[in-house]
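Dock chains C and Y against the given chain U, drawing on the hints supplied.
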Amino acid sequence: MPLHLTNISKSFGAVKALQNIDFDLADGEIHAVCGENGAGKSTLMNLLSGNLQPDSGEIQLNNKVVQFKNQTHATVCGIAIVYQHLSLFENQNIAENIFVDQFPTTRLGLIDYKKLYSETALLLQKLNFDPTLRPQTRVSELSAGQKQLVEIAKALSKKPAILILDEPTASITEDDVIVLFNIIRQLKATGTSIIYISHRIEEIFTLAERVTVLKDGQKVGVYPTVNLSKQALIALMVGRALPSTTNQRTKTEIVALKVERLGNTYIKDISFQLFRGEILALAGLVGAGRTEIAKTIFGALKKEEGEIFLNNTAIQINSPADAIRNQIAYVPEERKTLGLFQEMSIAENISSIFFTSNQPFFHDAAKTSRIASDYRKKLNINSASISQKVAQLSGGNQQKVVLAKWLSSNPEVLIVDEPTHGIDVGAKFEIYQLLKKLAAEGKAILLISSELPEILAISDRVLVIKNGRIAKELTTAQTSEEEILKWAM
Amino acid sequence: MKPLIWLFFAFSGLSFFGCELPPRQQEVSSQVVAPSNNQAIDKEEYVMVTTAVSMPLYVNHDQAAFRRWGKKKGVKISILGPADWDVPAQINTIEEVIGTRPSGLLINGTDPAIAQAINKAVAAGIPTVVYDSDIPNSNRHAFLGTNWYEIGQMQGLEMVKLTGGKGKIAYMGILGLSNMEDGFRGLLDVLKKHPGITVVGKYDDKASVEEAAKITADLISAHPDLAGICGFDSNSGPGIALSVKEAKKVNKIKITTVDWEPEHLQLVKEGVIQLLAGQKRELFTWYGAEFLYDMVHKTNRLSSNDQRAGITNLPTTVNTGLIKITKENVGIFLSK
Amino acid sequence: MIRKIFSNRVYSLGLTIIFMGLLASVVFPTTFPTFQNFSQILLNLSIDTIVAVGMMLLLISGVFDLSVGSVVAFSGCLTAYLLFFLHWPVPMALIAGLFSSAVIGGINGYFIAYLGINPMIQTLAMMGIVRGLALLVSGAGIQGLPYWFNAISQSKLLGVQMPIWYMLCIVGATAYLTANTTFLKRFYFIGGNEKAAELSGIDVRRMKLFSFVFIASLAGFAGILLASRLGAALPTSGRGLELRVITAVILGGASLQGGTGKIQGALLGALFMGVVANIMVIARISGYWQEIILGIILILAVCIDKALQKN
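Residue numbers (the numbering used here), protein chains in the order written: chain U, 1 to 489; chain C, 1001 to 1336; chain Y, 2001 to 2311.
Here chain U stands alone, though its shape is the one from the complex (with noise of 0.2 Å):
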């Protein structure tokens, strides 16, 4: 079913979320979205999936014009999307999940539960789903790959002509990765049109056939992709051709943090040492114990046997409390839940770091402000004041004020998990040259990352992490993704 859209535009308040844009998708085309973070891609899906109503413009679908009043019934004209965030009920089975708004009842109006499993074995067997889960499954115990398979089935069952995926590779691994391009393939050959929406150019490459550009709340172009090369591609998103990273090392001989025999429930003998200026990266695949390793060293999960060593002097450390004490800082995976106070601003996010145990009893606000304000500018922190909400920041912000908490603290040790997650790409290319510059400072830096070109990019060692131990050891400059990804799997 051909969509096309001409001259939507979408404002809130005195922001131009959306001008005139134009978009087009034919039948059976993967047609790939993309643009930093606050282009407008969420705004335009919206508008699409019925949650919000454009402003002006039309849009046409299947040659006829249409105006979707809300989810429900863009859903009955055959458009389905696919959310980055994943909006599963946990405490409820696969099938309950995929039903959820249309169970099939029988004729007393009651829920038809044969019915219901049966057409969830056929949606997930369509999907090569593993096949020793079964409809009754209880999504909590699935892993984040298979969840986002479930959020597309549940798409799929509203047979849509259009199915929109926003973000989906966002937090599954690399095999999931590899199941779910299969299916997109599969379902564009049954003739369904797919909008795929991601920040990872190179599946942008690998899938699409086209794609538009958005900067700004406005189009830039739509490209063929077997046309485009990704430094374009990323100069016409950016607005900017953005110099690629030099590696430049500034690793020294001096061992600043030294693990040995680490081990809990999650880990096991994880030994290794991280020099000054050293960005030391550890790869693997996600669950497979890389955060673990980070949190036992901060303290933040109990440490049941090892020795941690600080300047090769042995430490004790049982909370976040002693790590911070002894200049180790820990930048969390998922800021949104375990790195910032939402609806706390920017100065009271930078300063929550001085309410440890062993700051002086009252609390001095104008240190702290000044402390914040200098980062502010130090990082490029784009806001209104340090007393703007982070709420209101964009991704690639809010991950930034993580950073100057942090940095505020002044570690020698500094973990980093997942720093570039969910962030566009000129914020991304900001905070390498910002972990550059702090290796160069002598800075020790451990970095937890999924995406191999970063690692590629920036690190001087790779670890690679997998099933709790280290599988490998790799120096950076002699290596290359499959090599990481063959001892990885």
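Derived from the structure by calculation, the hints contain no laboratory data.
Among the hints, a few may not be true.
When the alpha-carbon atoms are kept at most 27 Å apart in a straight line, the in silico BS3-like pairs for lysine-lysine are as follows [claimed, not checked]:
#, chain 1, residue 1, chain 2, residue 2
1, U, K367, Y, K2262
2, Y, K2262, U, K389
3, C, K1120, Y, K2156
4, U, K389, Y, K2306
5, Y, K2306, U, K16
6, U, K303, Y, K2195
A short, non-exhaustive set of chain U residues, derived as facing chain Y with CB atoms under 8 Å [claimed, not checked]:
#, residue
7, T337
8, S357
9, H363
Backbone N, C-alpha and C fix where the C-beta goes; we use that ideal spot for every residue, glycine too.
Just chains C and Y now, kept in the frame of chain U:
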């Protein structure tokens, strides 16, 4: 931090030297001040302060009679107090009302703790009458009510008669209320004299029908040979009756309880409840208001100047007596 | 500018109270605006406010305590029991009353912070247990308490009864310390995002334990003040106090999600409710209307907040 420390010292110094201690002795009845009465009759207002103003028992009896009285006399009346059973809130209300200087205060004597608030009203020259339960350590001008000890006694005597002086007996009410505790005492003093009777327990039904029913059901299963249950608050009777009916033990387990709401009377008529020890609540507030009126209007002069003589022209304590309702006379109350 | 004032609850509520007071002074010129009436209003709300200070701190960190009403009754009854039946000296009985309240708070805090029991369930259970203990200790209530015990609340300073001074001191000190010390300010971070606070080196569990001990101690102190003011300990006192206090605190700017609110708001919320109650008494409006009107006001306040946030 310096100013803080100074502030602290300044305050402690001030409290040490400037503190004004309360009067040493709470003299009882030595300074019964009859009010100097200069108010014009048309601004006359009588205020009732109770707690749990929405309780049906209070609304249908105390407050209804008080309203009727106000209409008959043609004076303004007001009923104030918290919606729930909250004695401190009742005290707060009394103290706030004192500032508005009503002609007379009619106070439900819910707890001895209201004594000080009553004394404040008396000291402010407001005629103050207490009803329901007496507040003995206060300077109130008069009290009207039922003797709860007698309520316990009446239930005890009837229970002895009904059970023939032997068997297991339980009782329940709202624990922690002084009038109920008096009633419990009256009951136990009677039962003590009959060695054939064993008291199996004292229970808190929290003034709730459901709770009373639950306690009764549990009692019946724990003591299948239970002979009788005595209830002491308005909701005990209906709750006990419900469970006794459900257990098909009507007349096997004797029930005596208090109050005579239509619900209670119906249960007596059905033969589920054997005795109601009723109070004449209408008389509390009707005559209480009448007393206040007489005091304000100096209806009866006992001396050339009652105020200077330190006396009031009211009866100090009035026992309104009890109503005994059994199957024999229940019809008369039902057709009221 | 006007929006800014109205989005800060301390200002908007303060202005509303002043406006209400002026209106009441016009309608009831002889009875409302008198020194006696104002000090009566403050005296009547002092008990609630002292507890509300602790409740505000709890709600800032995103939890609440339902057992405080029972603790108010229990501490008064226990202290009275020690004084009346065991003839303990006044200071000893006071310390015992306060300490046992703190222990109740400690038990609440330990179960909630260290064993992970839901605060609502834990404090609901504790509410019943402590009420039972109060009944057990005092039976039908204890009257005739010693003179020096009664002097705690019944004394006056500058013509104003002592509980008002205690309340002002507690509100002032806690407000100042919460705004300016690293220790108490942590509650804002715990309420804002508990996990992030933990990872920022704040010992969340110890802080929670402290907050429950703190509120129970305040409730214990309030219970002693109440018993001293009445010259009697009532096992039924403090019924419904927990909900009244939570209402006052939410009117004063706290939210059940945590992270927001100022200690001064607790006083203003209680003051607002006290003034409403006082005007109703003066206007001779019956008790159940008070509950209806307060309910409506609470919904209105929260709705106005939501509307302001949306704009």
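To see whether the hints hold, each was checked on the structure:
For the given pair, K367 (chain U) sits about 22 Å from K2262 (chain Y) by alpha-carbon distance, which is consistent with the 27 Å threshold. For a cut-off of 27 Å, the pair hint linking K2262 (chain Y) to K389 (chain U) stands: about 18 Å separates their Cα positions. At most 27 Å may separate the alpha-carbon atoms for a hinted pair to count; K1120 (chain C) and K2156 (chain Y) meet this at roughly 15 Å. Using a Cα cut-off of 27 Å, the hinted pair K389 (chain U) and K2306 (chain Y) holds, with the two alpha carbons roughly 17 Å apart.
At roughly 24 Å between alpha-carbon atoms, K2306 (chain Y) and K16 (chain U) fall within 27 Å of each other, so this suggested pair holds. Note on K303 (chain U) and K2195 (chain Y): the hinted pairing holds, with a Cα-Cα distance of about 19 Å set against a maximum of 27 Å. With a least beta-carbon distance of about 6 Å to chain Y, the hint placing T337 (chain U) at the interface is held under the 8 Å criterion. The restraint placing S357 (chain U) at the interface with chain Y holds, with a minimum CB-CB distance near 7 Å, inside the 8 Å limit.
Evaluation of the H363 (chain U) hint against chain Y yields a held restraint, the C-beta minimum of about 5 Å falling below 8 Å.
Going down the numbered hints, you'll see the structure goes against none, and every one checks out.
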